[in-house]
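Fit chain E to the given chain W structure using the hints.
Listed below, chain by chain, are the residues.
There are 2 protein chains.
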Amino acid sequence: MKVEIIAVGSELLLGQITNTNAQFMSARLAEIGADVYFHTVVGDNPKRLEEVIRHAEKRADVLIFSGGLGPTKDDMTKETIARHIGLSLVNDEEALRQITTYFERTGRIMTENNKKQALVLDGSQVLPNRNGMAPGMAVEKAGIHYLLLPGPPHEMKPMFADEAIPYLLGVNGKEEVIASRVLKFYGIGEAELEHRIQDILEKQTNPTVAPLATAEAVTLRITAKAISMGEANRLIDPVEAEIRSVVGEFIYGIDEDTLSSKVAELLKEKGWTLAAAESLTAGLFTAELANEPGISTSLAGGVVVYNEEAKKEQLHIEGQLLDTYGVVSAPCAAALATNVKRKFGTDVGVGITGAAGPTPHDGKPVGTVWIGIACADEQPATFKLVLSGTRNTNRTRAARFALYYLIKQLSKK
Amino acid sequence: MKVEIIAVGSELLLGQITNTNAQFMSARLAEIGADVYFHTVVGDNPKRLEEVIRHAEKRADVLIFSGGLGPTKDDMTKETIARHIGLSLVNDEEALRQITTYFERTGRIMTENNKKQALVLDGSQVLPNRNGMAPGMAVEKAGIHYLLLPGPPHEMKPMFADEAIPYLLGVNGKEEVIASRVLKFYGIGEAELEHRIQDILEKQTNPTVAPLATAEAVTLRITAKAISMGEANRLIDPVEAEIRSVVGEFIYGIDEDTLSSKVAELLKEKGWTLAAAESLTAGLFTAELANEPGISTSLAGGVVVYNEEAKKEQLHIEGQLLDTYGVVSAPCAAALATNVKRKFGTDVGVGITGAAGPTPHDGKPVGTVWIGIACADEQPATFKLVLSGTRNTNRTRAARFALYYLIKQLSKK
Chain W
469 MKVEIIAVGS ELLLGQITNT NAQFMSARLA EIGADVYFHT VVGDNPKRLE EVIRHAEKRA
529 DVLIFSGGLG PTKDDMTKET IARHIGLSLV NDEEALRQIT TYFERTGRIM TENNKKQALV
589 LDGSQVLPNR NGMAPGMAVE KAGIHYLLLP GPPHEMKPMF ADEAIPYLLG VNGKEEVIAS
649 RVLKFYGIGE AELEHRIQDI LEKQTNPTVA PLATAEAVTL RITAKAISMG EANRLIDPVE
709 AEIRSVVGEF IYGIDEDTLS SKVAELLKEK GWTLAAAESL TAGLFTAELA NEPGISTSLA
769 GGVVVYNEEA KKEQLHIEGQ LLDTYGVVSA PCAAALATNV KRKFGTDVGV GITGAAGPTP
829 HDGKPVGTVW IGIACADEQP ATFKLVLSGT RNTNRTRAAR FALYYLIKQL SKK
Chain E
469 MKVEIIAVGS ELLLGQITNT NAQFMSARLA EIGADVYFHT VVGDNPKRLE EVIRHAEKRA
529 DVLIFSGGLG PTKDDMTKET IARHIGLSLV NDEEALRQIT TYFERTGRIM TENNKKQALV
589 LDGSQVLPNR NGMAPGMAVE KAGIHYLLLP GPPHEMKPMF ADEAIPYLLG VNGKEEVIAS
649 RVLKFYGIGE AELEHRIQDI LEKQTNPTVA PLATAEAVTL RITAKAISMG EANRLIDPVE
709 AEIRSVVGEF IYGIDEDTLS SKVAELLKEK GWTLAAAESL TAGLFTAELA NEPGISTSLA
769 GGVVVYNEEA KKEQLHIEGQ LLDTYGVVSA PCAAALATNV KRKFGTDVGV GITGAAGPTP
829 HDGKPVGTVW IGIACADEQP ATFKLVLSGT RNTNRTRAAR FALYYLIKQL SKK
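Keeping their order, the protein sequence lines are chains W and E. Read in order, the letters of the first sequence are residues 469 to 881 in my numbering. Read in order, the letters of the second sequence are residues 469 to 881 in my numbering.
If you're looking for bench data, these hints aren't it; they were derived computationally from the structure. Check before you lean on any hint, since a few could be wrong.
Said to hold, decoys possible - In silico DSSO-like links for lysine-lysine, alpha-carbon gap of 30 Å or less:
#, chain 1, residue 1, chain 2, residue 2
1, E, K541, W, K671
2, W, K609, W, K541
3, W, K526, E, K609
4, W, K852, W, K738
5, E, K609, W, K609
Only chain W is shown next, with the shape it has when bound in the complex (with noise of 0.2 Å):
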């Protein structure tokens, strides 16, 4: 199936917004194995999209449009595809009782441009829209499919999962589901963690292993087709098993875990407190912490200690043993670990303390990092880092890695 992804709108044209849905969209095809092999943008102009249709009508019989559903006079996508392909345009009465619905919820007035939107293209299939008024839609002429989705992402990226999806795994011509669960690395680069299990990633077909690497993690995505879920997620699970055997000890969580969940999730397990003395990061731990809802129970708060003398008054850091060892240091971190559990009484205790940069700190080079963990009554165990990146790409990092080394020692034994 090849596949061409058509964004409509000036404003990408512009430069005011970024083609985010064109990413989004082209990750999944990639997942049910369909070829995307252009990406196209056009302005809100009828005869330039018309002109991008009939070229793309040459080159791939799939042809997925997002944006200029709206209401507004300069939304004219179906309305090009319809004159195109001969197909008139029908009111359908689901969409219009969905967008009545929506203005009577929210006490807005609904305008004549509104309804505009409940038309849809004759024959074809409505893709219900759960999170805006436009619907999608999907029909086929000629042997060439046309999808048109809405443009925010909030709307296209679910109506694009639940139904446009289902749909071409039906054009395909199979009863087929797709599933897929994401594993997430820390402390693995994305190139290290290929070349660990490149056995598993090359004998893959189905299911298929995908790396990412995101801002916050590297995961890897095991997808399944098959004819139901439960069947999808026996072909997932041995795969899974095997990468665990592999590369198990850099897993933190799946699919929507992340670092801070998952820290959460193991505090309210054992019903610990937790604080955290802050030196480079400068609170960027606790922060993250905090993402998570409810975490108040768990979170008692914490210090941030930036300069020396504040290290010194608020938490009782010896002057000889930042004499002797410096303040970036494993004695350092592990006494402000013990210091900060004691100072709030909690559980467990974090102690962070680096050289952010731009300028070594103490003598040690921009990039080291120490972290300090004390939980209960045992020793602090202690953790180096030496980060490359930028002063601020350095913080979040230190910030995330003490995360993640709290989840490796909560989930001991």
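Structure of chain E alone, referenced to chain W:
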């Protein structure tokens, strides 16, 4: 001038990265009045790339390519263009020298592949790459201009601004330069801002005034074309003054200023130190401020007092105050600011407390935030926010509003 932006790279079609380059270029091209009618993305495939070039030549007179200038076999943008327009590739001494220097400086081993990056289109203007190895190129053939730029955004963006834009201004046959100044706003929405300066927006042709909302701020970019930078800036000045006369109270900086850089600058000017007490933001405020290199002379640190116990024990917030006014109140914000200032012995204290959600806190509806700022010997000032975002957008916005109000307080005569 009709421009077509062509991104080359299979990673875009697989959904591994987003085409942010097209947005960046489009916004800059709009400023110089160039018309962008199409964006195209094509993979690392010479046949399909040539098809795209042939098609673009029919509808544009400037083709801007990004990507495919790297050292690997996949990278074939310049080879394909060379063949298509009948130019040979020749070695560029300066580019080769830069590549060699790069390898010497980083101590890495240079391969034969890397030398390929020093090949340029014969007769093209070489665009130096200050952030990577692949030089850019600009060449005209049969009335069509071909600009070849590297794919990585941190290499492409400066080359586009410093080399490609001046080249295109020259293509236009005018001896023009372009200057722009960005005004940064906080505490006012994009729609409200546009509404209040509608008259100014409508009457401008040179300079143009373009609003843009980013995650961090609402901005206005004033862009002027003139025969010299001095002349362009003289066109910008009165427009900036007119905007300031209407909405100046919401402007916190210009160009590269951020909320945190502005706070850092003002603290340094006054020689003041700062400490913060954070509840709902849980460290975001100090972490944001610590983005600034060299902040350790001004930022002493802070306390995250996430639960009520921590507020009482760590910052001596009195139970009676909490019982009377609640945690989310002006008196609590003021007390947090005053007490953290005293605790750290600083000149400025900031207190942030609020109901982040998902459930109301202490009877206060989700989104209610109080910010307290205590400067030197003055009575603490307090500010109330009523935010309507999600838990985490509210937390981020509360931290940024605190920086914004702090700028206002520190800027007072």
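For each hint, the structure was consulted:
About 24 Å separates the Cα atoms of K541 of chain E and K671 of chain W, which keeps this hinted pair within 30 Å; it holds. A distance of roughly 26 Å separates the Cα atoms of K609 of chain W and K541 of chain W; the hinted pair therefore holds under the 30 Å criterion. With a CA separation close to 28 Å, the supplied pair K526 of chain W and K609 of chain E stays within the 30 Å bound. The suggested pairing of K852 of chain W with K738 of chain W holds, with an alpha-carbon distance near 26 Å, which does not exceed 30 Å.
At roughly 41 Å between alpha-carbon atoms, K609 of chain E and K609 of chain W are farther apart than 30 Å, so this suggested pair is violated.
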